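Protein chains: 2
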Amino acid sequence: MEKEHAIQIDLCSSRKEKPRDDELEFGRTFADHMFVMDYTEGEGWHDARIVPYEPITIDPSAMIFHYGQSVFEGMKAYLTAEGNAQLFRPERNFKRMNHSNSRLCIPPIDEAFALKALKQLIALEKEWIPKAEGTSLYIRPFIISTEPFLGVAPARHYKFMIILSPVGAYYKEGINPIKIAVESEYVRTVKGGTGEAKTGGNYAASLKAQEAAEEGIAQVLWLDGVEKKYIEEVGSMNVFFKIDGKVVTPALNGSILEGVTRNSVIQLLKHWDVPVEERKLSMDEVFQAHQEGKLEEAFGAGTAAVISPIGELVWGEHRLNINSGKTGAVAKKLYDTLTGIQYGKTIDPFGWVMPVEERDLQSLKATV
Amino acid sequence: MEKEHAIQIDLCSSRKEKPRDDELEFGRTFADHMFVMDYTEGEGWHDARIVPYEPITIDPSAMIFHYGQSVFEGMKAYLTAEGNAQLFRPERNFKRMNHSNSRLCIPPIDEAFALKALKQLIALEKEWIPKAEGTSLYIRPFIISTEPFLGVAPARHYKFMIILSPVGAYYKEGINPIKIAVESEYVRTVKGGTGEAKTGGNYAASLKAQEAAEEGIAQVLWLDGVEKKYIEEVGSMNVFFKIDGKVVTPALNGSILEGVTRNSVIQLLKHWDVPVEERKLSMDEVFQAHQEGKLEEAFGAGTAAVISPIGELVWGEHRLNINSGKTGAVAKKLYDTLTGIQYGKTIDPFGWVMPVEERDLQSLKATV
Ligand SMILES: Cc1ncc(COP(=O)(O)O)c(C=O)c1O
Ligand SMILES: Cc1ncc(COP(=O)(O)O)c(C=O)c1O
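Heads up: the sequence lines are chains A and B, in that order. Going by the working numbering, the first sequence opens with residue 1, and the numbers climb by one from there. Going by the working numbering, the second sequence opens with residue 1, and the numbers climb by one from there.
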């Protein structure tokens, strides 16, 4: 399907000034370069290149503006104390991207090639990885349909891009519980819909619930679209509940995004012999457990926050205070272990870390 | 909310060559000018302008590329035998656009101003309305989130644009029945979702079902996302069934788009004293009616085809042949009446037509 691609490089003439580590705002500053590749029907993906970060020029009739055919990914590059750049399970993101592509009728990318391109881009932009504790370089691969055509059909032209944004520490003062509201009116997606794909429309659909939520609600907890009974996930995290000694998370059912962090959490818990269950979990069950004093912890898991303890869960009239609003032991251990692995402070028993090396930059420079 | 806007004009230096009326392809050719207006938080909608149709320049981090926050509309301008340009119920499209905006957390537009701008644009581009029978100028208003920010939140910057594309006759050889398949795996949307909004994500979600459908299927018929039992609508049309003398269409339930054509069809049927019901309608009921010989007609209704008779309905193993695969009397009368009104051939008892007049062009020119 894919021919061997060479990555063309066009380096920018002067580098932008980088923001200080203590003034980083999520998703507003971008590195000097980006990766771009085009798809043309009949020709496949072509013209892989690393070019200066700059606006793109696109027709007003480009299909992305009208019919939402797009997918994206999110991951991070971390700097170790030794000054090495590393990625966390990036192959899973490109695999998930192809899963999303399939649902959205977007032609698949060559995952191995995308990973190679990403490593070269990170090697080139290594200085953009901030150094302070908890900071990282956020990586946003995405594909948009660019064909100028007002018709509801899969597009014949696409752009695959990777852009980079340095981000500050998620928790400024250490890991800290948040307040989450169970959403009972709006629905994010439903079985048979696009829930297990990472596509723009799911996030557009989610905005209204957040807007309607009361002050202080960090994110909403989605219930299934059919019965509005079973827990699905949080805005940008999968969710776990520790009930009576067991950690329970909703099973992948076709409408939940399969998080890389979720998968890592499950593996770690198994490794530690903590009982973990992937199954249907109703809000009634969580409420019941809370009434009986058996709801020990709740936390979200996703790339942005890694682990986000839930201190209070608002469900209609009910306000469930969890673990006295404090971070639980399991959440804390997961957070410490995952960030430890990501920043190279803890051993990595699963081979999750992928270093970005000097030779990635060499192989890139060789093509200039 | 809106201050009085003046529309700035920047006319193109030379006009493009127009395609011949018999070589028009839907949505691939665009008129010389487009309408553009920007939204900035704190400032509202501003800088309304009519400018040459050309690509826009937009940041790779623009939110539309990532989180799908967008809405669109679709309507047409028609040329009468006397050479006058006219619109069909355009105020309904801008009203629906604001309804979509509300669901997608996009700031509302000033509907009266948008209509004024549209009329001026059509007056300027009148020559782009093709003349041959059944042809028209397709009008695509749309709004996209343009803020460069990788965060899931309503954007603070948007672009509202109107582009125009001359389109050929939908039926080259007279109104003609199509084959539709009932979709039982994929779901377009669900109550609580974005189904009643005209937003890109709904259409992106719909592509897979069409891809999976057998050869010859023109569009798919969506069932409700909860029970997969009740009929909702077709890809880009609302749907009607004539059962035992009564015309039945699914009631607006929160997940169906409220079509302008649908509303017009209902009004016409009432005007003609044809019994019409808006209610829940299951596929079982339609199947049962067919078995008993009571399914007299089925047709879709939407701007593109106006009325699209359904000659065959594929539902799993079943193939329902409707009215011997021929256009029914009600569908035909609706088609003739609606197109008659749109092209100014039939009297317009409801005041649906809105003429675009010489003074719309005058008032535009006055601002140059
Ligand atoms: C809807 C949704 N669920 C879950 C996640 C967590 O996935 P991951 O752990 O891969 O970041 C994300 C964030 O990417 C998300 O957007
Ligand atoms: C999903 C959907 N339903 C129904 C319709 C019909 O609406 P209208 O009659 O306003 O064109 C359309 C087309 O606009 C549509 O996209």
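Check the hints yourself; a few may be wrong.
If several chains are the same, the list does not tell them apart, and a pair holds so long as it fits within one copy or across any two.
[Unchecked claim] Derived lysine-lysine pairs resembling DSS-like cross-links, with alpha carbons at most 27 Å apart: (1) Lys326 to Lys95; (2) Lys116 to Lys294; (3) Lys365 to Lys246; (4) Lys294 to Lys126; (5) Lys228 to Lys333; (6) Lys280 to Lys228; (7) Lys228 to Lys116; (8) Lys280 to Lys116; (9) Lys228 to Lys191; (10) Lys345 to Lys179; (11) Lys191 to Lys365; (12) Lys246 to Lys126; (13) Lys116 to Lys326.
Hints in this document: simulated from the structure, not taken from any laboratory. In this text the structure is predicted, and so the values were computed from the model without any measurement.
Cross-check of the supplied hints:
1. Lys326 to Lys95: neither (35 Å within a copy, 48 Å between copies)
2. Lys116 to Lys294: neither (47 Å within a copy, 62 Å between copies)
3. Lys365 to Lys246: neither (51 Å within a copy, 73 Å between copies)
4. Lys294 to Lys126: Intra 46 Å, inter 71 Å, cutoff 27 Å: neither.
5. Lys228 to Lys333: Answer is neither; intra-copy 32 Å and inter-copy 43 Å both fail.
6. Lys280 to Lys228: both (12 Å within a copy, 21 Å between copies)
7. Lys228 to Lys116: neither (42 Å within a copy, 43 Å between copies)
8. Lys280 to Lys116: neither (38 Å within a copy, 53 Å between copies)
9. Lys228 to Lys191: both (12 Å within a copy, 11 Å between copies)
10. Lys345 to Lys179: neither (30 Å within a copy, 62 Å between copies)
11. Lys191 to Lys365: neither (46 Å within a copy, 53 Å between copies)
12. Lys246 to Lys126: Close neither inside one copy (41 Å) nor across copies (69 Å); limit 27 Å.
13. Lys116 to Lys326: neither (41 Å within a copy, 57 Å between copies)
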